[in-house]
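*Asks:* What follows is each chain in one-letter form.
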Amino acid sequence: MRHIISILLENEAGALSRVSGLFSARGYNIESLTVAPTDDSTVSRITVVTEGSDEVILQIVNQLNKLVDVVKVLDLTADEHIEREVLLLKLHDNGASKAVIETLTNDYKGRVVSDSKDAIVVEITGVGEKLDRAIQLVPSEIVFELVRSGALGIAAGKQILKLESM
Amino acid sequence: MQQALAKEENHPLAGTKMTGSDIIVQVLAQEGTDVIFGYSGGAILPTYDAVFRFNAETNESMPLIVPANEQGAGFMASGYARASGKVGVVMVTSGPGATNTVTPVRDCMADSTPIVVICGQVPTPAIGSDGFQEAPIANIMGAVAKHIFLITDPTKLEATIRTAFEIARTGRPGPVVIDIPKDVQNWEGVFQGKGQLPIRGYRERIDEIAENLLADEDCESFYAAFAKSKRPLIYAGGGVINANAHAEMCKFADKFSIPVVTTLMGIGACDTTQPLSLHMLGMHGTAFANYAVDDCDFLIAIGARFDDRVAAVPPKFAPNAKFIAHFDIDPSEIHKVKTVDWHHVGLLPQAMNKLLDFGVNKAKISSDFSDWHSHVADLKSTYAMNYDKNSEYIQPYAVIEELNKHAKGEAVISTGVGQHQMWAAQYFDFKSPRLWLTSGSMGTMGFGLPAAIGAQFAKPNLVVIDIDGDASIRMNLGDLETVTTYKLPIKVVVLNNLGDGMVKQWQKLFFKGRLSASDKSLHMKDFVKAAEADGYKYAVRLENKTELSKVIKEFMEFKGPAFIEVMIDPDAGVYPMVGPGMTFDQMITGDYIPSRTAKVDTKTEVDSSEMF
Chain Y
0 MRHIISILLE NEAGALSRVS GLFSARGYNI ESLTVAPTDD STVSRITVVT EGSDEVILQI
60 VNQLNKLVDV VKVLDLTADE HIEREVLLLK LHDNGASKAV IETLTNDYKG RVVSDSKDAI
120 VVEITGVGEK LDRAIQLVPS EIVFELVRSG ALGIAAGKQI LKLESM
Chain C
0 MQQALAKEEN HPLAGTKMTG SDIIVQVLAQ EGTDVIFGYS GGAILPTYDA VFRFNAETNE
60 SMPLIVPANE QGAGFMASGY ARASGKVGVV MVTSGPGATN TVTPVRDCMA DSTPIVVICG
120 QVPTPAIGSD GFQEAPIANI MGAVAKHIFL ITDPTKLEAT IRTAFEIART GRPGPVVIDI
180 PKDVQNWEGV FQGKGQLPIR GYRERIDEIA ENLLADEDCE SFYAAFAKSK RPLIYAGGGV
240 INANAHAEMC KFADKFSIPV VTTLMGIGAC DTTQPLSLHM LGMHGTAFAN YAVDDCDFLI
300 AIGARFDDRV AAVPPKFAPN AKFIAHFDID PSEIHKVKTV DWHHVGLLPQ AMNKLLDFGV
360 NKAKISSDFS DWHSHVADLK STYAMNYDKN SEYIQPYAVI EELNKHAKGE AVISTGVGQH
420 QMWAAQYFDF KSPRLWLTSG SMGTMGFGLP AAIGAQFAKP NLVVIDIDGD ASIRMNLGDL
480 ETVTTYKLPI KVVVLNNLGD GMVKQWQKLF FKGRLSASDK SLHMKDFVKA AEADGYKYAV
540 RLENKTELSK VIKEFMEFKG PAFIEVMIDP DAGVYPMVGP GMTFDQMITG DYIPSRTAKV
600 DTKTEVDSSE MF
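So the protein sequences, as listed, match chains Y and C.
Using numbering that gives the first Met the number 0, read the first sequence as starting at 0 and increasing by one per residue.
Using numbering that gives the first Met the number 0, read the second sequence as starting at 0 and increasing by one per residue.
A portion of the hints provided could be inaccurate.
[Stated by the list, open to error] Coverage of chain C stretches by chain Y, computed from C-beta distances (three or more under 8 angstroms per stretch; other residues unrestricted): (1) 136 to 142; (2) 193 to 207; (3) 458 to 465.
Keep in mind the hints are simulated off the structure, nothing from the lab.
Where is the CB? At the ideal position from N, CA and C, for every residue including glycine.
Construct the entire structure; sequences and hints are all you get.
*Replies:* Quick look at the structure:
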């Protein structure tokens with residue numbers, strides 16, 4: 000099953016590579032991995048999307064907890080949570096694009112964030128599946144390039160992943 | 000653990016300005032370091048100088064022991080740590096000095112041995128410039144060590160060194176590497192005399208485990224199942240020794256008269272000369288230990304992890320056990336290989352004490368396992384270890400038995416890896432823990448000699464014997480001279496079967512006898528001359544079976560470094576053997592130990608890709 004795991008990580012040299020290295024060394028999948036600073040400058044937050052049986056996911060969480068730089072681990076999948084990902088689509092500006100862009104902006108709440116004579120960039124935010132559907136909608140011949148951010152996740156309700164909650 | 004945590008109150012030098020190197024040495028002293036194993040080089044020179052100056056002022060209280068190769072330093076520290084329970088310390092230079100310690104660092108990780116490795120690094124501004132003797136140690140070691148620190152902020156140096164010791168010895172022990180650029184060593188700052196890094200997540204998790212005491216409800220459910228058991232068995236691993244919980248575990252086992260099998264790493268957790276000790280289980284365990292595992296109805300795994308050398312086929316391991324209980328300090332080991340019915344993650348001595356107390360005073364267990372005991376005694380006598388006693392060749396088992404008469408279960412035994420390692424595990428007695436030093440999980444050839452050196456520094460009053468093979472000892476042969484240089488009374492035994500015996504055994508069993516690259520009979524090495532050249536006053540080759548007990552006696556009684564090479568039966572095998580992917584009832588017991596099942600066909604072609 001697909002799991003979305005959030006990790007608070009000490010901002011130390013090599014900490015990120017130990018997290019990603021753990022996944023490769025133990026043969027776990029990474030569907031996406033994002034990392035960015037938090038409101039506390041001493042820690043970063045990683046969101047990793049992975050796939051595995053319950054046993055494998057338990058091992059991933061347990062093994063992450065053995066890394067000294069890992070401050071906290073939370074498997075968001077267990078409870079209600081919000082997941083978001085950003086997609087940037089760079090499209091040819093030709094007749095065929097017009098209708099597609101209209102669908103993306105109307106049905107997928109996309110925004111045109113750059114419009115030059117050579118290309119149009121559309122930004123869409125949503126869960127991974129929504130972005131998958133959006134991408135399928137666009138004929139490959141009008142796509143210059145696309146880039147996805149990887150998923151971000153946050154628990155719904157009162158549950159938080161912060162140092163204060165420790 | 001055993002080693003006292005750093006005394007933090009009012010260090011006499013607190014407030015003094017000193018160099019980074021002097022700070023490193025002061026913290027090492029504060030952490031109880033009484034020996035450093037290492038090899039010098041450009042990027043660590045300032046700290047070597049600080050050690051020299053410290054020793055000049057303190058009557059050589061922290062001697063620097065120099066190996067032939069930095070790998071030896073790592074294994075010396077490992078031998079020291081395993082024999083003493085304290086943190087072993089390694090100090091090496093950047094680049095090749097540091098990369099040569101990768102193998103011992105991984106070895107320590109795999110066997111949960113606490114060491115701290117201090118590596119010099121090129122100066123901070125030169126990092127990433129492909130400088131002379133530069134290697135990305137944080138990247139390399141990050142993948143194999145319990146933790147790695149690269150010190151870029153010299154003001155954190157002192158706290159980092161102290162924290163490295165804390166991480167090495169707490170929880171499941173392991174190796175911690177500290178990469179220290181030369182400019183950080185030369186930096187000048189004020190020595191605080193105390194302070195650690197926050198390591199918030201780690202410390203919180205360690206505290207949580209330490210505070211997780213065995214609850215009454217857990218004891219109740221344990222004893223509810225135990226009360227129904229007629230054939231309980233303890234399966235003890237290296238965790239019992241690492242946790243210094245052998246006394247508590249044995250008290251519990253003795254109180255309820257529960258037989259004990261140990262893993263390779265757990266040897267010595269329970270006195271092997273006692274009737275309820277069944278010695279080692281697993282791939283080369285005793286037949287009676289493995290049969291007892293098959294026959295038990297209640298298995299108590301203590302500080303053991305169902306490794307593939309023990310439970311090759313996890314679903315068929317302990318097939319008759321209606322209940323498996325598992326004690327460990329590492330939450331990730333619970334259900335990792337084998338799903339258990341009951342588990343406790345916490346400090347072992349406390350848990351064993353609580354379990355015993357609850358069993359005696361609350362559950363009021365009155366156990367009578369006399370049927371099981373007589374069954375176990377039958378297994379021990381029927382399937383006893385045995386070998387070809389009439390062979391014209393010297394049998395390796397006989398050599399170990401002869402050595403054992405002198406060692407009496409009280410000597411430190413280190414080994415290389417291969418057949419000689421398994422024979423030593425099978426035929427030596429150990430009356431207490433921390434006497435048996437072997438590379439268990441990593442299986443690193445070359446471990447034995449340097450580990451013996453480290454152990455002799457930890458236990459200067461004990462007899463230390465390195466049981467080695469002709470192939471294993473070659474891997475760190477340079478340290479033969481380290482023994483004599485430091486005048487260590489270590490006894491080195493080379494069981495020479497002219498090759499990689501264990502590899503040959505597998506090739507005979509599973510590769511139709513094609514001895515690819517494992518036959519060393521063409522080698523020119525004269526081990527006795529080599530030992531003599533390195534200053535051994537006792538260096539003897541034993542080739543005649545009739546001289547075995549005489550030579551072993553003079554070897555064991557010799558004062559000072561002693562070396563013997565024993566020309567053993569080149570075809571001697573390690574039995575019993577549970578083949579890769581096989582269950583205990585498919586155990587091959589060889590020609591001299593009876594088997595409980597019909598003879599297993601060893602000629603079956605096993606897919607070699609499946610075996611390891």
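*Asks:* Please go over all the hints and tell whether each is borne out by the structure.
*Replies:* Going down the list of hints, with the structure as the test:
1. Three residues within the 8 angstroms Cβ limit are the bar, and the segment 136 to 142 of chain C against chain Y gives 4, so the coverage statement holds.
2. Residue count for the segment 193 to 207 of chain C with a Cβ under 8 angstroms from a Cβ of chain Y: 6. That meets the three needed, and the coverage hint holds.
3. Taking a C-beta to C-beta cut-off of 8 angstroms, the segment 458 to 465 of chain C contributes 0 residues in contact with chain Y, too few for the three needed, and the coverage statement is violated.
Of the numbered hints listed earlier, the single one contradicted by the structure is hint 3.
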